[in-house]
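K.L.:
In case you want the letters, here they are:
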Amino acid sequence: MPTHYEPLESPVKNALYSRDTNPVVNWFTRQENRFAPPGDPRFPFVLTTYRLTEHHTAGGMSRFLSHLAELQPELFAEMSPELATELKVKNGDYISIVSLRGAIESRALVSRRMRPMHLNGKTVHQIAMPFHFGTSGPVRGDATNDLVPISGEPNVTIMEAKALACNIVPGRLPRGPAFEEWIKKYVPQGGPPNLHPEQPPPGASPGPAAGGHSQHGKTDSR
Amino acid sequence: MTSNSPSEKRLEELREQAWKEGVVPGKGVDVAGGPIPRKAGYYGQPVVKPPVWTWQVPLYFFMGGIAGMSAVIASGAIIFHHVDLARGAMWLAAIAGAVLSPVLLIMDLGRPRLFLNMLRVFKHRSAMSMGAWILSAFGACAVPGLIALELHAHQVFPGTFGQLLRIAADTFIFASAIFGTLLATYTGVLLGATAIPAWFLHRTLLPIHFGTAGLGSAAALLELLGHRMAALNFLGYYAAAVESALLIWLSVDKHGVADRAIHEHGSGWLIRIGEILNGPLALVLRFFSFVPFAGLSFLIGALISRVGWIAVGKVSGSDPESVFAAERY
Amino acid sequence: MIGEGIQSTNQRKHSYVQDRVEVGFFTDPSVCIGCKACEVACKEWNEVPDDGFIWSGNSYDNTGHLGASTWRHVMFLEQDRQKGNQVTGPMGLPGDPQSEDPFRWVFLSDVCKHCEEAGCLEACPTGSIVRTEVGSVLVQNDVCNGCGYCVVSCPFGVIDRRPEPLHDAGGAFKCTFCYDRQKSGLVPACAKVCPTESIVFGRLDDLRALGAKRVQQLQQSGYSDAQLYDPTETSVRGIHAFFLILGEPEAYGLPPKPQIPTIYLKSAWTSAFATAIASIIVTLVAFAFFS
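Protein chains in written order, with the numbering used here: chain A, 318 to 539; chain B, 1014 to 1342; chain C, 58 to 348.
It is worth saying that the hints were derived from the structure and are not from the lab. From a predicted model like this one, the values you see are computed outputs, not experimental measurements. One or more of the hints may lead you astray.
[As the list claims (entries may be wrong)] No farther apart than 20 Å at their CA atoms in a straight line, the calculated lysine to any residue pairs in the SDA-like style are these:
1) C:Lys314 - B:His1268
2) A:Lys439 - A:Leu404
3) B:Lys1052 - C:Pro313
4) A:Lys405 - B:His1268
5) A:Lys405 - B:Glu1025
6) B:Lys1136 - C:Arg188
7) B:Lys1136 - C:Gln197
8) B:Lys1052 - C:Phe160
[Said to hold, decoys possible] From chain C, some residues computed to sit far from chain B (all C-beta separations above 12 Å):
9) Glu104
10) Val250
11) Glu254
12) Ser348
[What the hints assert, rightly or not] From the structure, some residues in chain A lie toward chain C, with a derived Cβ separation under 7 Å:
13) Thr370
14) Ser383
15) Glu387
16) Leu388
17) Pro390
18) Glu391
19) Asn408
20) Arg429
21) Val456
22) Asn462
No residue lacks a Cβ here, since even glycine has one placed at the ideal position from N, Cα and C.
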């Protein structure tokens, strides 16, 4: 039977069931791999990641080919005009995107192709970023996947990289030692690694159906 | 939109205004290509291309004008027996027109080593092709004319051969004068017959301006080199008077958005300052007998004006709205 | 046509050059998917250098404009209008007036228009720019000396002089209509790779008929602002690479009434000759009466 579960990081709770997330998913609970609880006000925006035609396979190959690299030379985050107005961000401004795993910076591409969502009576904004950029090549950018948590889908252990919660801070990302200070303001330090109420604690086994195909049948307890 | 936040309402208002009026003044969210058309055309990209020419080109216009009209003055001087003036004018014509002008043009080429390709074809529908041939013909007449004139003046070859030399000199000099008038004026056609709105909308004014500026500059330079004559003074008055009239014409003959590069942009001031220097100011200075200053003012104005016309072309060529607006003329 | 496979005019071998048939491009944005394969194929085949790695913020268009190192340019327009009969507006239910939120994303692949009366061709003083057997406008790069006069003579702003330090800098470059490919019976690179046949290559007459039919088809499907962009009634007298556009030409940076600048020659030369004659007369007067 088809069913619906919310992504592991979601701004809302599941409208169908009392349980938000898939019960047999692997969480890989670690301090560096924390998941925000549903509706966490520190990470109010939804981030989704997608591919660009110009870097279709992966940036590691296309960024080194000048004819492809010039077509999409920088990392950008698409956002709706409504969100841009709220954040006081103009098209082309630098923004820093923070999740519980880390922070990156990109340009803002303001477009009406992005629409705010209205879920359960509240407006939820979404931004979308391609994930083709990295530290090498003629065109470089921050790696979107730095924000993504590692998880394991029950059947083939693919991680959920297309839906996560984030916060957006207008302005460039500080680098070097300044980054350590800056990140403390937006990402809670310390505390247990399993912030999400449905996330098993470190060391617990993931559940009966998660054996078999998944290689790492246990959550990592380091 | 079902949301009621003030920012949503404001965005709706902006969209309505953009839809109705096509433009939204003031600051706001800059949406790429979206409902708030901040820039004309396609993201404000140029519709035509601005000229790629560098400083050598306006300097060549200036030199070419002087050279061409010097040959005209030399012809007049020859007819009325002012041999010294004729020699001075032909030196100016040869150096400016046969040496400096080609060097400047070749320097501006993207591939200078292929400069001779300019003479591969003769195309009357291309002002630049005509210009290449005019310049070549001018040089081919001015240099032998000068050599023959100098040989005759220094009486190197006495007797009949000397007289033949004089006839040859006169012929070459008159021929160079014909090509010279075209050399001084074709550059106005060169700019006028393009897709740049500020240029093609003034295609009648430009040849008159460049030609007259050339005539006045040649007279002024000859005066500064020591040839003080009533005839040159008259030419100085004439050129400054025509330039003053052109300044008035340019100021009243506006085409709105289509030539706003001239009338609203800073580079238009270069043209106006140039025209003031070689128009009213030169007239006034000459009237009060400050002839060298009048000449200098004219020369500086003529050069600044050329620079201004190229600068205005770059601005106009980069402005999509001026191209759309110019279509109705 | 799409669906014809290798029998399509975009794929099959031809002998247009030998037969001296006029060819053209018909570009239809209603089926373009904005993949930019045409841009990349053109650059790969013609070994065109990159045009700078500059993010523009103009939707997905980081190319900007046609130029010496961009011979195919895909435009991305985000407009507050519907595409045909599509209803957009995710906020409410269909039919709910509050939810009407028309929006469309239009892609169009721009290229050199290969004008019937070409400004660049008339302006070129070296005879580098010529008309080929298939009616296209070709720059012979071994002849061009980079004078730059074609750059200001194109009413569409297509051709440009390539700046240093790019490869083969100094000359003027633009789309060649893949003349080298056509001589061997092949199809231009952009048309060959276009996955939706938004770019259609073929005999110009056939394409004009196809374009007219397509406009009618689109109008009947609710694309009320579909029109052909082929300025046959101006001094350009039509373009061999013509377009179907949705909306008005200005939105695409296309001049609605382009003119070939040679129409300005008559008044300009008249003025020049008048000045020339006046200069001679006034000089003679000066010497006659003021010596």
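K.L.:
Would you list, in rising numerical order, the hints stated earlier that this structure does not obey?
P.N.:
Of the numbered hints given earlier, those the structure breaks are 4, 12, 22, listed in rising order.
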